[in-house]
Amino acid sequence: MAHQQARRTGRVWLPAIAFTVFAVIVLARLVQVQILEHDRYAEEARSELYASDTVFARRGAILDRNGFLLAMSTDTWDLYVATRVWNDDATARSASEAIAKATGHDATYLRTLVQESGLVDVLVARDVPYDTGKALLDADVAGLVGLPNTVRVHPAGDLASSVVGIIGGENTGLTGIEAWYDDELLGTPGRVIFERDTTGSPIPYGETFTTEPVPGPDIILTIDRRMQVAAERALRQAIKEHQAISGSIVMMDPQTGEILALATQPRLSFSTLDLSDPEQVRLLRNSVVSDLYEPGSVMKVVTAAAAIDAGLVTPETTYEDTGIAFVYGVPIFNWNNGVYGEQTMEGVLQQSINTGAVFMMEKLGVAKFHEYLDAFGFGKPTYIDLSGEAAGLVRRPTDADWSPVDAAAQSFGQAISVTPIQMVSALAAAINGGRLIEPRLVKAMIAHDGTRYDLPTNVVGQPISAETSATMRQMLGSVVDPGWYHPGKPRYYTAGGKSGTANVPIDASYDDTQIVSFAGFAPVDNPRILILIKLDENADLATGTMAAGPVFAALVDEVLGYLGVQPDVEQVAAR
Amino acid sequence: MTALDQPAPRTHRGLSLPKLGVSGWVVAGALIVSASAMAPVVQNSLMTTQGRNLEVLEGEQNALRVEMRQLEAEIARLISVDRIARRASEIGLVPGANAIFVTIGAAGPEPPKIPAEHLPEASEPVSGLAP
Numbered sequence: 001m002a003h004q005q006a007r008r009t010g011r012v013w014l015p016a017i018a019f020t021v022f023a024v025i026v027l028a029r030l031v032q033v034q035i036l037e038h039d040r041y042a043e044e045a046r047s048e049l050y051a052s053d054t055v056f057a058r059r060g061a062i063l064d065r066n067g068f069l070l071a072m073s074t075d076t077w078d079l080y081v082a083t084r085v086w087n088d089d090a091t092a093r094s095a096s097e098a099i100a101k102a103t104g105h106d107a108t109y110l111r112t113l114v115q116e117s118g119l120v121d122v123l124v125a126r127d128v129p130y131d132t133g134k135a136l137l138d139a140d141v142a143g144l145v146g147l148p149n150t151v152r153v154h155p156a157g158d159l160a161s162s163v164v165g166i167i168g169g170e171n172t173g174l175t176g177i178e179a180w181y182d183d184e185l186l187g188t189p190g191r192v193i194f195e196r197d198t199t200g201s202p203i204p205y206g207e208t209f210t211t212e213p214v215p216g217p218d219i220i221l222t223i224d225r226r227m228q229v230a231a232e233r234a235l236r237q238a239i240k241e242h243q244a245i246s247g248s249i250v251m252m253d254p255q256t257g258e259i260l261a262l263a264t265q266p267r268l269s270f271s272t273l274d275l276s277d278p279e280q281v282r283l284l285r286n287s288v289v290s291d292l293y294e295p296g297s298v299m300k301v302v303t304a305a306a307a308i309d310a311g312l313v314t315p316e317t318t319y320e321d322t323g324i325a326f327v328y329g330v331p332i333f334n335w336n337n338g339v340y341g342e343q344t345m346e347g348v349l350q351q352s353i354n355t356g357a358v359f360m361m362e363k364l365g366v367a368k369f370h371e372y373l374d375a376f377g378f379g380k381p382t383y384i385d386l387s388g389e390a391a392g393l394v395r396r397p398t399d400a401d402w403s404p405v406d407a408a409a410q411s412f413g414q415a416i417s418v419t420p421i422q423m424v425s426a427l428a429a430a431i432n433g434g435r436l437i438e439p440r441l442v443k444a445m446i447a448h449d450g451t452r453y454d455l456p457t458n459v460v461g462q463p464i465s466a467e468t469s470a471t472m473r474q475m476l477g478s479v480v481d482p483g484w485y486h487p488g489k490p491r492y493y494t495a496g497g498k499s500g501t502a503n504v505p506i507d508a509s510y511d512d513t514q515i516v517s518f519a520g521f522a523p524v525d526n527p528r529i530l531i532l533i534k535l536d537e538n539a540d541l542a543t544g545t546m547a548a549g550p551v552f553a554a555l556v557d558e559v560l561g562y563l564g565v566q567p568d569v570e571q572v573a574a575r
Numbered sequence: 001m002t003a004l005d006q007p008a009p010r011t012h013r014g015l016s017l018p019k020l021g022v023s024g025w026v027v028a029g030a031l032i033v034s035a036s037a038m039a040p041v042v043q044n045s046l047m048t049t050q051g052r053n054l055e056v057l058e059g060e061q062n063a064l065r066v067e068m069r070q071l072e073a074e075i076a077r078l079i080s081v082d083r084i085a086r087r088a089s090e091i092g093l094v095p096g097a098n099a100i101f102v103t104i105g106a107a108g109p110e111p112p113k114i115p116a117e118h119l120p121e122a123s124e125p126v127s128g129l130a131p
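Here the protein sequences line up with chains Z and C, keeping their order.
If you count by our numbering, then the first sequence holds residues 1 to 575, one letter each, in order.
If you count by our numbering, then the second sequence holds residues 1 to 131, one letter each, in order.
The following block holds chain Z by itself, in its conformation from the complex (with noise of 0.2 Å):
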């Protein structure tokens, strides 16, 4: 049997070469995710398996001056159904009879939106208590899963709603100290990354990495919620009684510019607060800083303060009153068109004499009448804390419809458009000893450790002089104390102040509706507090110092007694 010689052939070495080729591939291909490209597979291998999510920070606290809580973040839960879960019948009645029970809802309306939605998980209730929501999430209710939620409380109920201000559905400011504040208040979200499942869902025990969220800090306002409640209390009972449709009343320590009150009516009501009524809508605008007025005769403060700061008239200069004064060719009259013969600047105060106001201005020039407007910060905002703040309107010569005689008419608060906080802040550096201070609300952050940061006093400007600032306390302490009755003198405290009555502006001409008010400070010598009140639109028609006067008073007596300030008027022992 021979044996046949196998041929060698060369065939052996395709398999080789295809073998060897695929390797290099495989090699390459290895080199190229492993080595080269590592950091990038590594990255898309870390996203597979790892899932990231936010945790909202705790939105801080507001507070008043003494600590006494406005604002605060309690928590809540927000219940979901897994709508597969109620697909049976049994399930869901008894599960939604359980959740109505304890929430409040119908359990027919919560099977008919579960069942309805189409979605994987239904919002069935919002803001829940927490410990309601804990009790039916303890209950293993079924298909009902609870996520975490807070809710805006307001222990002192509306108490300066004005100040403090809403927010909206997502934790997020919408007026107030809440919008201004927003940022600070909100705290830094945390971030947890944890290891998931294919369905993405946490997996039990495995890899987390947590960044806790850093709570907002708590704000200290400026606001004291005593003399806030004084203010709301005699706002309230003024509207009432002088039939006004609107009114604010602004109380401010005038040596630093920290507001101490501010009260506004009509004002918004937390809870029953409906954005879908534009009447409610309104009120979310801060009147005090957003809506513009005509002063009337407070501003007579300021044109004194010019004209004597630039050492053109004393308190006792005096002039001829005619009961008319002839700005090119227009004639200017008194308020009630009287007549007051010679006066001293003083008496033009104390009387309120527009033609007085209107010797003053002209003596100062215009330009120089409107150097001293803008020092006192008219026409632009005062940069308190709080939004919508208006800027205010001042005529000036270089505008289109400017008339030389809206000067003489700005000199008694006519033909110029204040914000009640920027008359406060003006007022305030008239007897302040001449400091532009910027109002503010806020007194102090307190971080989450327990860091306070106190917010420093802002002087921006010096309108006038000490000097001049001592002359028009003692000036509007003759007002309030003239030597006959007025209405606007405490019982016992110095005082100064001054009223204005402005009828409404309407087009070019003016309404017969007016806007009065009463600025004010005491004690004269070493003010502790400064007062505007202004009633808008009332209907008796009283003047400021009828109507706004005596609400001066009686705030005065009662808010520096409760700031232990010493009575500085002797009282007489009653027998």
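Treat the hints as calculated values from the structure; they're not laboratory data.
For every residue, glycine included, the Cβ atom is placed at its ideal position computed from N, Cα and C.
Please note: incorrect hints may appear among the correct ones.
[Stated by the list, open to error] Among the chain Z residues that face chain C by a calculated CB cut under 8 Å, a handful are:
(1) LEU69
(2) THR74
(3) ARG126
(4) TYR130
(5) ASN149
(6) VAL153
(7) GLY157
(8) LEU159
(9) ALA179
(10) ARG225
(11) TYR492
[Unchecked claim] Each pair of labels, with its calculated beta carbon distance range:
(12) Z/GLU279 with C/GLU55: 43 to 51 Å
(13) C/ILE84 with Z/ASP88: 14 to 22 Å
(14) C/ASN98 with Z/PRO482: 21 to 29 Å
Starting from the structure of chain Z, add chain C where the hints point.
Chain C alone, transformed into the frame defined by chain Z:
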């Protein structure tokens, strides 16, 4: 060559393996392998238990925080000026009138018990007064 005829000196053995026999070694090996296999399981179990305990404690801590915040809100509500005024009115108190200011030499009342960080800065002392 004398030295070569002498017996080798005995060396001291510090550790001598027990005589287990083949089956003994197999059993010992199996035990070691089993113990090695069980160790991660036990460790995992312990970690899981501790993780669970930690989770429970965190839950309790959170519940206490929530309760504390609710109590803060409740206290704030109870000491609100409106509520105090309403309660005072209910028990027949009326706002004071004709206040009389008296300067006294005694120390003032204790400051309110509010956390220090929430208190205002110390202000200049004023004479005590009584309404």
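List in ascending order the numbers of the hints, as given earlier, that are violated by the structure.
Violated hints: 3, 5, 9, 13; rest satisfied.
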